[in-house]
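Produce the entire structure from the sequences given, and follow the hints as far as they go.
Chain residues, written in single-letter form:
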Amino acid sequence: MLIRIQPEPFDLARLLDGFGAGAGAVVTFSGLVRDDTGTMVALELEHYPGMTEKAVTDIAAKAQARWNLIDLAVIHRYGRLPVGEAIMCVATAARHRAEAFEAAEYLMDYLKSRAPFWKREIGPDGPGQWVAAKDADEDALSRWG
Amino acid sequence: MLIRIQPEPFDLARLLDGFGAGAGAVVTFSGLVRDDTGTMVALELEHYPGMTEKAVTDIAAKAQARWNLIDLAVIHRYGRLPVGEAIMCVATAARHRAEAFEAAEYLMDYLKSRAPFWKREIGPDGPGQWVAAKDADEDALSRWG
Amino acid sequence: MKIDVLYFAWIRERIGEPRERVDTGASTVRGLVNQLIARDERYAAALSDLSSYRVAADQELVDFDHKLEHVREVAFFPPMTGG
Amino acid sequence: MKIDVLYFAWIRERIGEPRERVDTGASTVRGLVNQLIARDERYAAALSDLSSYRVAADQELVDFDHKLEHVREVAFFPPMTGG
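Residue numbers (the numbering used here), protein chains in the order written: chain W, 1 to 145; chain F, 1 to 145; chain L, 1 to 83; chain Z, 1 to 83.
What the hints contain is simulated information worked out from the structure, not anything from laboratory work.
Be a bit skeptical, because a hint or two may be false.
Selected chain W positions facing chain F (in silico; Cβ < 10 Å) [stated by the list, open to error]:
#, residue
1, Pro9
2, Ala13
3, Leu16
4, Asp58
5, Ala61
6, Ile87
7, Ala93
For every residue, glycine included, the Cβ atom is placed at its ideal position computed from N, Cα and C.
Shown next as C-alpha cells:
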C-alpha cells in the first residue's frame, strides 16, 4: 500500500511500473485540474496536515480489507495546481475486474467527501471562489452501506 | 479515439502521455495474465481478424457517444501472452469521475463478451483448457440496458 | 451459393480446419448448420449443441434464423472471452 | 482546559487566523462553538450556521455533541472537496 500526500507533481507511469504483480486487473483513476469557465489558471488545495494522512490511510485500509486487494496506491497533492495538471490518483490491483473497479470508486467517493482537502479556484487576478461540496458527492457514500 | 489490436506488448505509460487533455477524470483498466493454478506459463489468445476490429470499434463508438467522452483508447493483444504481461487496456477521459468509471466498465463488459477473442491456458507441456465464458460476464451486459 | 465458413477455438479443433468454402442451398444459418452436421461426426461433434456456440454472418453476431441471402462469410465460435 | 482550535478554508478567512489556543470550560463541541460565537461577529459569521461546516476532534470527524474531555485539538472546516 502506497500513500503519499505531497505538493509535487507525480508520475503515474512510474507508479504503475511493477504495480499489481500477480493481479488480473489493475484500475487507475486520475483527477485533473479542469477549467470549465475559461478563466481559471489553477486550483489551490488547502489541507489539514496530520488529519489528511490519517483519513487517507483509514480510507485505503478499509478498501484493501473490503476487496482483498493485491495492491493499492493513493497520491494526493496540495498547494497550487495549474490547469491540466493531475490533482491526485488512485490505483487498485485485484484478481478480477469488478473488485478493482469497485475499490477504485470507493476510494474516490471517500477521498472526495472525507479527506480534509478544500479547493479554491485561482483566476488571472488571484484567488476566487471556494469550490462547494456537492450533495451528490455526499450521497454517493450511501451506496457503500 | 485510439483502437489497436496487436500481438506486441504496449506501454500504458506512453499511451497516457497527453491523454485526456481538458478532462477532469481519467480512468484506466489493465487486464493481466494471472496464474491461479501455479502451473500456467501463458495465455494464448485466438481472435477473428477483421471482425475483432469492427466489434471493438463499434463498442468504443457506443461508449463514446453514451458518455460524451473527451478521449478513449482500447488496446487488445492476441497471440501467446506470458503470465504477468498485460492482455489489454482501456482508458477513458471525461469531465467527471462517474462518466469515466462507467464508460470504462461498459467497455470492459462488452469487450469481455462481444469482442471475438478466445483464451486458452498454456502449461509447461503445451496447450491446455480453453477458458470458458462465465454466465456472470454475459449477465453483466444487462445493466447497460 | 458459395459461402466462406470459418471456425474458431475448440470448434476449429473439432472440425480440423480453420476455414473452408461451402456450396449451400440453405436459406438460413440453421439450414447451413444442418447441412454441415449431416456431413460427418466431426461437424456433428462441433455444431450439434446450438447453445454452446455463437454465429457471425459477415462479421456481425446473428441468431440461427438469420437469412443467408447476400451473406459471404459465416463464422462459428464459442462464447467470447475477451478482456 | 486549553484546546488548540484550527480553522480551514473560508472559516479560516472569516475568523482571520488559522489556529489559536482557547481556554474553555465547555464540555462538548457545541459548548465550544457557543463560546466562540459569543466573542465577536467574525466568529458568529463563521460558525453560526452549524449545517455549513464540519468538526474534527483530535483529527477525527465528530458531531456537535462530542465530549471535549481529553480532546487536545478541535478543527472547524467546510465540507471536504478532495479527489
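>> Given Leu16 of chain W as an interface hint, is its Cβ closer than 10 Å to any Cβ of chain F?
In response: Check passed: Cβ of Leu16 of chain W comes within 6 Å of chain F, closer than 10 Å.
>> Checking hints one by one. Is Pro9 of chain W an interface residue toward chain F, by the C-beta closer than 10 Å rule?
In response: violated (14 Å)
> Does Ala93 of chain W pass the interface hint, meaning its C-beta sits closer than 10 Å to a C-beta of chain F?
Replying inline: holds (9 Å)
> Should the hint that Asp58 of chain W touches chain F count as held when the rule is a Cβ pair under 10 Å?
Replying inline: violated (21 Å)
>> Given a cut of 10 Å on the nearest C-beta pair, is the interface hint for Ile87 of chain W held or broken against chain F?
In response: At about 9 Å, which falls below the 10 Å cut-off, the nearest Cβ of chain F leaves the hint on Ile87 of chain W intact, so it holds.
> Against chain F, with CB atoms and a cut of 10 Å, does the hint on Ala13 of chain W hold up?
Replying inline: OK, holds: Ala13 of chain W within 10 Å of chain F, min 3 Å.
> Given Ala61 of chain W was flagged as interface, is its beta-carbon under 10 Å from a beta-carbon of chain F?
Replying inline: violated (22 Å)
The structure shown violates the earlier hints numbered 1, 4, 5.
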